[in-house]
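Peer 1: In case you want the letters, here they are:
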Amino acid sequence: GENVEQHPSTLSVQEGDSAVIKCTYSDSASNYFPWYKQELGKRPQLIIDIRSNVGEKKDQRIAVTLNKTAKHFSLHITETQPEDSAVYFCASRGTNAGKSTFGDGTTLTVKP
Amino acid sequence: GAGVSQSPRYKVAKRGQDVALRCDPISGHVSLFWYQQALGQGPEFLTYFQNEAQLDKSGLPSDRFFAERPEGSVSTLKIQRTQQEDSAVYLCASGERQGRYGYTFGSGTRLTVV
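Listed in order, the protein sequences are those of chains A and H. Under our numbering, residues 8 to 119 are what the first sequence spells out, in order. Under our numbering, residues 249 to 362 are what the second sequence spells out, in order.
Treat the hints as calculated values from the structure; they're not laboratory data. Hints may contain errors.
[To be verified] Derived DEER-like restraints, expressed as beta-carbon distance ranges:
hint, chain 1, residue 1, chain 2, residue 2, range
1, H, 263, A, 65, 47 to 57 Å
2, A, 114, H, 335, 15 to 25 Å
3, H, 312, A, 49, 21 to 31 Å
4, H, 322, A, 24, 41 to 51 Å
5, H, 324, A, 12, 32 to 42 Å
[To be verified] With the Cβ distance kept under 10 Å, some of the chain H side facing chain A (calculated, not the full set):
hint, residue
6, 256
7, 264
8, 283
9, 296
[To be verified] In silico BS3-like cross-links for lysine-lysine, where the CA-CA straight-line distance does not exceed 27 Å:
hint, chain 1, residue 1, chain 2, residue 2
10, A, 65, A, 49
11, A, 65, A, 29
12, A, 64, A, 49
13, A, 49, H, 305
14, H, 305, H, 259
15, A, 49, H, 326
16, H, 326, H, 262
17, A, 78, A, 64
18, A, 49, H, 259
19, H, 262, A, 49
20, A, 78, A, 118
21, A, 75, A, 65
Note that the structure is a prediction, hence the values are computed from the model and not measured. From the three backbone atoms N, C-alpha and C, an ideal C-beta is built for every residue, glycine too.
Put together the whole structure using the sequences plus the hints.
Peer 2: This is how it looks when you write it as structure tokens:
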């Protein structure tokens, strides 16, 4: 089955700096890669996603890049703010597989 | 509804007790998923429905776990004879169409087995 690895497990940055979280996946058939943000005690919320026919996608301060050949994708957050502090999860999903496989999460702390 | 609703929000069960967790998905959402999230880890897939059909139950950890969605709307995850290792947050998510969009998660049910 699919295996998703996420790095780093914790990340601390100064407000205004950029943050990058990386994930690798094992199943070459995976074609959909969402990112979720989960604040303490709350539900995971979809923040951005990318499909395998696209190499990069941007939404204001967040962007995701995908390298299908290397089977890795990354989340980039620019101009970080304290409210960006949360746990971020990457995930991958195949064409006809309903389920997503999640990484173990990255705890991002943005220091004011 | 406006979002995915799960109940109860918290459940404490004595070991050996049966529990039932409810998920009310967004109206009209075809896909419904159950995930288990242990502390400090990512969600782990349990089972998936498209309408009332359970298309994948490969993630259910044992035959003590059972899920249903009889009318293609509300779903119930049942755990029989709960064990301490069942303690986790159980997340329900719904989606508009299979593989088409990302999920919307509910707030989860935190199950503690004592």
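Peer 1: Indicate, hint by hint, whether the structure satisfies it.
Peer 2: Checked hints:
1. Checking the proposed 47 to 57 Å range against residue 263 of chain H and residue 65 of chain A shows it holds: the Cβ atoms sit about 49 Å from each other.
2. For residue 114 of chain A paired with residue 335 of chain H, a C-beta distance near 21 Å keeps the hint of 15 to 25 Å intact.
3. Separation of residue 312 of chain H from residue 49 of chain A is about 28 Å and conforms to the stated range, judged on CB atoms against 21 to 31 Å.
4. Under the hint 41 to 51 Å, the C-beta atoms of residue 322 of chain H and residue 24 of chain A, about 45 Å apart, fit the expected range.
5. Separation of residue 324 of chain H from residue 12 of chain A is about 33 Å and conforms to the stated range, judged on CB atoms against 32 to 42 Å.
6. Hint on residue 256 of chain H is violated. Least Cβ distance to chain A is approximately 15 Å, over the 10 Å limit.
7. Interface restraint check: residue 264 of chain H against chain A, minimum CB-CB distance 28 Å, threshold 10 Å, status violated.
8. Interface restraint check for residue 283 of chain H: the shortest CB-CB distance to chain A comes to about 8 Å, inside 10 Å, so the restraint holds.
9. The closest approach between the C-beta of residue 296 of chain H and any C-beta of chain A is roughly 4 Å, which is under the 10 Å cut-off, so the hint is satisfied.
10. Restraint check for residue 65 of chain A and residue 49 of chain A: the C-alpha separation of about 25 Å stays at or below 27 Å, so the hint holds.
11. Distance restraint check for residue 65 of chain A and residue 29 of chain A: the Cα-Cα separation of roughly 16 Å lies within the 27 Å cut-off, and the hinted pair is therefore satisfied.
12. Between residue 64 of chain A and residue 49 of chain A the CA atoms are separated by roughly 26 Å; this keeps the pair inside 27 Å, and the hint holds.
13. With a C-alpha separation of about 25 Å, the suggested pair residue 49 of chain A and residue 305 of chain H falls inside the 27 Å cut-off, and the hint holds.
14. Pair hint residue 305 of chain H plus residue 259 of chain H holds up; C-alpha atoms about 23 Å apart against a cutoff of 27 Å.
15. This hinted pair checks out: residue 49 of chain A and residue 326 of chain H have alpha carbons roughly 22 Å apart, not beyond 27 Å.
16. Of the supplied pair hints, the one linking residue 326 of chain H and residue 262 of chain H holds, its CA atoms being roughly 15 Å apart against a limit of 27 Å.
17. Only pairs whose Cα atoms come within 27 Å are accepted, and residue 78 of chain A paired with residue 64 of chain A is accepted, the gap being roughly 16 Å.
18. Note on residue 49 of chain A and residue 259 of chain H: the hinted pairing holds, with a Cα-Cα distance of about 16 Å set against a maximum of 27 Å.
19. Under the criterion of a C-alpha separation no larger than 27 Å, the hint pairing residue 262 of chain H with residue 49 of chain A is consistent with the structure, at around 25 Å.
20. Using a Cα cut-off of 27 Å, the hinted pair residue 78 of chain A and residue 118 of chain A is violated, with the two alpha carbons roughly 32 Å apart.
21. Taking the CA atoms of residue 75 of chain A and residue 65 of chain A, the gap is near 18 Å; set against the 27 Å cutoff, the hint holds.
Checked against the numbered hints given earlier, this structure breaks hints 6, 7, 20; the rest are met.
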